Amino acid sequence: MTEPALKIEGLVKNFGSLVATDDLHLDIEAGEIHAVIGPNGAGKTTLIAQLSGELRPDQGRIQFAGRDITGLSMPARSALGLARSFQITSIFPDFSTLDNVALAVQAHAGHSFRFWQPAGKDQSLRRPALDILENIGLAARAAEPAANLSHGEQRQLEIAMALATEPSVLLLDEPMAGMGRDESGRMVELLRGLKGGHTIVLIEHDMDAVFALADRITVLVYGRAIATGTPEDIRANDEVRAAYLGTEAAIEVPHA
Amino acid sequence: MDRRQIWLSLATLALFAVVPPLTVIFDQPFYMDMVARIMVFAIAAVSLDLILGHGGMVSFGHAVYMGIGAYAVGILSYYGIDNGFLQIPLALAASALIGLIFGAMSLRTSGVYFIMITLAFAQMLYFLAISLEEFGGDDGMSSMRSEFAGLIDLNDAMHFYYLVFAVLAGVLFCLHRLVLSRFGMVIRASRTNERRMQAMGFPTYRYKLAAFTIAGTICGLAGALFANLNEFVSPDVMHWTHSGEIMIMVIMGGMGTLIGPVLGATAFLLLEEYLPQWMEMAMTDAGEHWAIIMGPILIAIVLFGRGGIHALLAASLGRNGNNGSKRDD
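Chains A and B supply the protein sequences, listed in that same order.
In this text, residue positions in the first sequence follow our numbering: the first is 1, and each later residue adds one.
In this text, residue positions in the second sequence follow our numbering: the first is 1, and each later residue adds one.
FYI, nobody ran anything at the bench for these hints, they're computed from the structure.
Bear in mind that the values here come from a model prediction, so they are computed numbers and not experimental data.
The beta-carbon is built from N, C-alpha and C at its ideal position, and this holds for glycine as well.
All clues given are correct.
Derived contacts from chain B toward chain A, CB cut-off under 8 angstroms, selection only:
hint	residue
1	S181
2	R182
3	F183
4	G201
Please model the complete structure; the sequences and the hints are all you need to start from.
Written as structure tokens, this is what we have:
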């Protein structure tokens with residue numbers, strides 16, 4: 001077995017008396033789509049924040065392809081190939097769609113202490129950015145200010161920006177948040193297309209999407225992983241059903 | 001970059017360019033000095049716009065760099081060194097160094113803390129200047145005009161005017177390029193969402209620090225010109241009210257537009273000059289209370305004129321874009 005893409009060991013994060021991450025052990029295998037599900041407040045976004053470097057864990061270690069990255073900053077982790085998309089759409093609304101992606105390309109195209117040549121005419125940034133927009137189906141909207149995109153398109157742009165940093169691991173925080181059925185269907189196709197080329201940690205409330213995409217699923221409750229396994233394992237797991245029914249009866253685990 | 005913004009910039013500079021011949025024709029030399037003063041402040045305001053308007057860094061101590069530039073010239077002059085080719089580089093180097101140091105510490109904070117710490121650093125140097133008895137303490141000291149080996153004579157009002165004009169035009173052009181460069185993209189995007197920038201891999205601190213230092217350096221240049229304008233240097237130039245005035249110029253003119261702060265500096269200093277006179281005409285002894293009118297004007301601009309003078313002018317120039325209040329860069 002090869003080195004896991006991400007190895008999480010004994011991760012603990014407290015906010016005062018609230019335990020957001022509670023002695024979490026998890027291996028994310030290279031190339032898999034690993035969904036993390038759980039009721040609201042289970043600590044999913046806190047986990048992503050620790051993986052991306054925004055939050056420092058109180059205890060525990062995170063390894064990225066065998067390297068300890070626990071002490072690294074967000075930009076340093078991004079440079080290693082870890083990209084994150086945000087639950088709340090975090091695009092640059094004043095910039096055009098293409099500018100948004102070109103900026104993400106720029107992030108990994110050497111330092112940005114370049115003061116004179118206009119970035120907007122720099123083909124070494126524009127061309128790769130346009131390629132990504134084409135792949136993701138947003139090329140027609142390239143010149144549009146990002147603020148004018150529909151919610152679904154903005155979520156796609158969010159993914160495009162993460163992809164533009166050429167990551168090996170994508171941390172996606174609820175990419176389908178607020179999407180209609182058609183839009184999330186397109187997002188599922190988009191993510192499926194990324195499979196293989198990228199390792200994906202997917203946080204998502206849309207259970208149809210999770211069960212359609214995930215190779216493995218981890219169920220988080222009060223910061224603890226109560227189960228990890230294939231979608232079939234999780235569907236059959238009594239503890240998972242109890243946890244979900246106990247806290248948030250509204251979420252149903254769909255049958256295949 | 002909006003086309004209207006470029007036209008507005010060129011038109012403004014063209015107007016500045018024709019002031020000296022007009023003052024000669026109409027024999028009103030006073031106006032040449034006044035507009036030179038406006039342009040000196042415009043340089044300071046444009047430099048603040050780089051970090052305030054484009055970078056979202058609300059520095060409330062920007063006048064301190066004007067003070068450093070002014071004192072660099074004044075202190076050298078005090079020791080008999082009037083060579084501008086020495087004074088100007090030293091003024092730039094000193095303000096760059098202080099900008100780097102203050103920026104390095106201030107940028108570790110954000111929000112209100114950033115505002116307060118930049119203010120505190122500026123006041124610190126203000127009081128330091130007051131304590132320097134050798135250089136006149138709070139009375140300040142006179143300073144000879146810089147010599148440029150006979151190439152330009154700053155005692156000639158026309159020479160001085162066009163030197164300041166050239167510096168302003170040069171600063172506007174360079175910052176225009178900078179804002180659109182890769183560096184500028186990072187600065188502007190960091191204003192909108194610094195967290196996202198870091199997640200994408202930009203170590204934003206060092207870019208913001210570079211922008212802060214550049215802004216301080218340019219403001220130091222304005223200070224060196226200010227010392228030459230007045231032939232006098234005093235701690236007042238660094239006082240926090242002065243920093244506030246520069247900030248008002250930027251906001252009045254339109255943040256993040258570069259030419260806006262030039263218009264803002266013009267409007268502010270013209271009002272400061274003429275408002276008391278107009279009020280004096282309306283009512284005897286009213287002139288000294290000019291701030292009663294100035295205050296509400298500023299509040300009205302902030303409340304109702306989002307985007308400042310620049311937005312008003314750009315909107316009246318043409319409607320080929322979206323609404324004028326939108327920041328177009």
